[in-house]
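There are 2 protein chains.
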Amino acid sequence: MRELGEFALIERINRHRVQPSSVFLGPGDDAAVVAAPDGRFVVTTDMLVQNRHFRLDWSSPRDIGRKAIAQNAADVVAMGAVPTAFVVGLGLPGDTPVAVVDGLADGMWEEAARAGGGLAGGDLVRGEELIISVTAFGDLRGRPPITRSGAREGDTVAVLGRLGWSGAGLAVLGAGHLGSEAADFAEVLAAHRVPQPPYAQMLDTPHTRAEEPATHGVARLTAMTDISDGLLADLGHIADASGVGIDLDSGALGDPALDAIAALLDADATQWILTGGEDHAFVGTWSSTDAIARGWTPIGRVFAGHGVTVDGVSRRGSGGWESFLGADSANAEDAR
Amino acid sequence: MRELGEFALIERINRHRVQPSSVFLGPGDDAAVVAAPDGRFVVTTDMLVQNRHFRLDWSSPRDIGRKAIAQNAADVVAMGAVPTAFVVGLGLPGDTPVAVVDGLADGMWEEAARAGGGLAGGDLVRGEELIISVTAFGDLRGRPPITRSGAREGDTVAVLGRLGWSGAGLAVLGAGHLGSEAADFAEVLAAHRVPQPPYAQMLDTPHTRAEEPATHGVARLTAMTDISDGLLADLGHIADASGVGIDLDSGALGDPALDAIAALLDADATQWILTGGEDHAFVGTWSSTDAIARGWTPIGRVFAGHGVTVDGVSRRGSGGWESFLGADSANAEDAR
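The listed protein sequences derive, respectively, from chains A and B.
First residue of the first sequence: 27, per our numbering; consecutive thereafter.
First residue of the second sequence: 27, per our numbering; consecutive thereafter.
It is possible that some hints are incorrect.
[To be verified] Every beta carbon over 12 Å from chain A, so not counted as near; a handful from chain B, in silico:
hint: 1; residue: T70
hint: 2; residue: H203
hint: 3; residue: G277
hint: 4; residue: A288
hint: 5; residue: A319
[Claimed, not checked] So the derived label-pair ranges between C-beta atoms look like this:
hint: 6; chain 1: B; residue 1: V44; chain 2: A; residue 2: S175; range: 17 to 23 Å
hint: 7; chain 1: A; residue 1: D210; chain 2: B; residue 2: G168; range: 37 to 43 Å
hint: 8; chain 1: A; residue 1: V44; chain 2: B; residue 2: G202; range: 49 to 55 Å
hint: 9; chain 1: B; residue 1: V44; chain 2: A; residue 2: A212; range: 50 to 56 Å
hint: 10; chain 1: A; residue 1: D128; chain 2: B; residue 2: L30; range: 57 to 63 Å
hint: 11; chain 1: B; residue 1: H42; chain 2: A; residue 2: G200; range: 38 to 44 Å
hint: 12; chain 1: A; residue 1: D83; chain 2: B; residue 2: G269; range: 42 to 48 Å
hint: 13; chain 1: A; residue 1: E136; chain 2: B; residue 2: A283; range: 50 to 56 Å
[Said to hold, decoys possible] A few chain A positions that, by computed beta-carbon distances, are all more than 12 Å from chain B:
hint: 14; residue: D89
hint: 15; residue: R174
hint: 16; residue: L229
hint: 17; residue: H263
hint: 18; residue: A283
hint: 19; residue: A319
hint: 20; residue: S340
hint: 21; residue: R341
Hints listed in this document are in silico derivations from the structure and should not be mistaken for laboratory results.
The C-beta atom is built at its ideal place from N, Cα and C for all residues, glycine as well.
Using the sequences and the hints given, assemble the complete structure.
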């Protein structure tokens, strides 16, 4: 790293990359220029810190690069927007092997392509820890954003994508099963290392807003978020922002594949499903139970009230991911 | 910090802030929504690391927040774009006093307002070091971006803003004059702590592009950058990108105020002017010497060739800021 220098390294990262048509001007000038066809753009940013959000002994640099892009792309898609571009700030210890940077960059480009955007620019600095700061952009295609505040009493809660798989993978790693990589665990380990938000399926979902005239027989998506902190925590954000309560049906939340893994680890699959973050599935509220889009699984109901319950019962310590908290979340933080 | 938790801290940072009209949806959802009136947006990102890019014993948190925004806003303006919004990732050690976060946030909002944008969103994580990752956006108002690659033989090089003041302030701090804060040094210390890019003056500059028909008697800005790494280094980027050489006139570069400070420190003001970064003045190439815009000072000439010279002589070790290099730039890095 030290031998190459910043400019040579940037040159190396950007070499042979093909920008999508949404990036009008890529890296190499004071700033990049990105398309915003509908006159607005969606923007979100996440910072990942080594040994807190990822571990180089648990994931390859390529996996970490993919994950960093995926969690930001999921936020863009959770607004109902199509990803267009990403910019990345990298803080690197001076002794970082160039292969690590290459792997990160390859993973980022790979996931950016999967989500539909390109890496339009970035910054490279030296630091004590490996830090990845991603900012992602998307285009709303003329539609209003799908915020967290549109859920209404009577709406159906439904999910698109997997729940608890990343949490199960984390539990496998935490239990020391890294070396074996037993076939039983391979899928949840992969899910933890590289989340697979169903971007394309979400963007194909018909989702007119509540303000628009209802199409007969087609449910509308009234609120949405991606599951980054855990199902209960993220639905809590929707409930709070919308001024409603949400009740989940435990019978709809089971996953036999996770039950099998939980049995091997003597763990509780329900806990992974309710509080495990980082799967970046999409959870939304729909204006009716009829004809919600294909691929979405109904898991609960919006009621007049507040908070999130399961089968009518509030769960204490709903958990989920929050930085900086003291004793309460220390275990969750240490485990990541 | 630890007592407050991430969500309470984010709430605290965003409380009572007024978003500009360019921010359609601010913090609090999966992503923000920002205006891009001309169907494109300019984007740039910079990461600042404690004790490398700033020091809490040399600058107040408010100054550091202003500087973090200013250096990104200058990149946006250097493309010819009007700043619209910023997003910020903050990595904070667990023992960071809340007052430091408050100061950073106040400084960021203050400089964002000066540049013309608002803080549309961000992320807050715990890390070993204080890290500030800023991404800035701007609108081109229907014009082509002013890149680094448009300089042509015969163009006049001119600068808007101060050169060497931040470098002089750094030298004052490095010489241990922090405590005294002598009146002699006050202005350059302030310049080092908070750069003052002349955003408004730059954005008022008439700058039609070379591709457009020339207006008789009005010079056109053909290439531009802001001075972040040092005059020679940043003009080197223009020379390289444009495939030309640039020669500076030393007689046009003097600054009596810096000479006076250099005499007190037994230092060389010319070195600050040529290689000192972080003033974020704007340097551009103009299509003629006649009627270049008010406020701009001619300092040199573009010639057919390559590299940057002063009075026709190449300066070795032109310096400037580059991360990761080994022995060569170790002093510069340590000093920052």
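Hint check results:
With a least beta-carbon separation of about 4 Å from chain A, B/T70 fails to lie farther than 12 Å from that chain, contradicting its non-interface assignment. With a cut of 12 Å on Cβ distances, B/H203 stays outside the contact zone with chain A, its closest approach being about 27 Å. With a least CB separation of 28 Å from chain A, B/G277 remains clear of the 12 Å interface cut-off, as annotated. Every CB of chain A lies more than 12 Å from the CB of B/A288, the least distance being 29 Å, so the non-interface label holds.
Every C-beta of chain A lies more than 12 Å from that of B/A319, the closest at about 19 Å, which supports listing it as non-interface. For B/V44 paired with A/S175, a C-beta distance near 20 Å keeps the hint of 17 to 23 Å intact. A C-beta distance of roughly 59 Å is found between A/D210 and B/G168, which places it outside the suggested range of 37 to 43 Å. Distance hint check for A/V44 and B/G202: the Cβ-Cβ separation is about 52 Å, which falls inside the suggested range of 49 to 55 Å.
Hint check: B/V44 to A/A212, Cβ distance near 51 Å, so the stated range 50 to 56 Å holds. Taken as a hint, the range 57 to 63 Å is violated for the pair A/D128 and B/L30, whose Cβ atoms sit roughly 39 Å apart. Under the hint 38 to 44 Å, the C-beta atoms of B/H42 and A/G200, about 41 Å apart, fit the expected range. The hint said 42 to 48 Å for the Cβ distance between A/D83 and B/G269, and at roughly 46 Å that hint holds.
Remark: the range hint 50 to 56 Å for A/E136 to B/A283 is upheld by a beta-carbon distance near 52 Å. Taking the minimum C-beta to C-beta distance to chain B, about 19 Å, the non-interface status of A/D89 holds against the 12 Å cut. For A/R174, the requirement that its beta carbon stay farther than 12 Å from each beta carbon of chain B is not met, with the minimum near 5 Å. Interface exclusion of A/L229 from chain B stands, the closest Cβ pair being 14 Å apart, more than 12 Å.
For A/H263, the shortest C-beta to C-beta distance to chain B comes to about 9 Å, within the 12 Å cut-off, and the non-interface label is violated. No Cβ of chain B comes within 12 Å of the Cβ of A/A283; the nearest lies about 27 Å off, and the non-interface call holds. With a cut of 12 Å on Cβ distances, A/A319 stays outside the contact zone with chain B, its closest approach being about 19 Å. Even its closest Cβ contact with chain B, about 19 Å, leaves A/S340 beyond 12 Å, as expected for a residue assigned away from the interface.
Taking the minimum C-beta to C-beta distance to chain B, about 19 Å, the non-interface status of A/R341 holds against the 12 Å cut.
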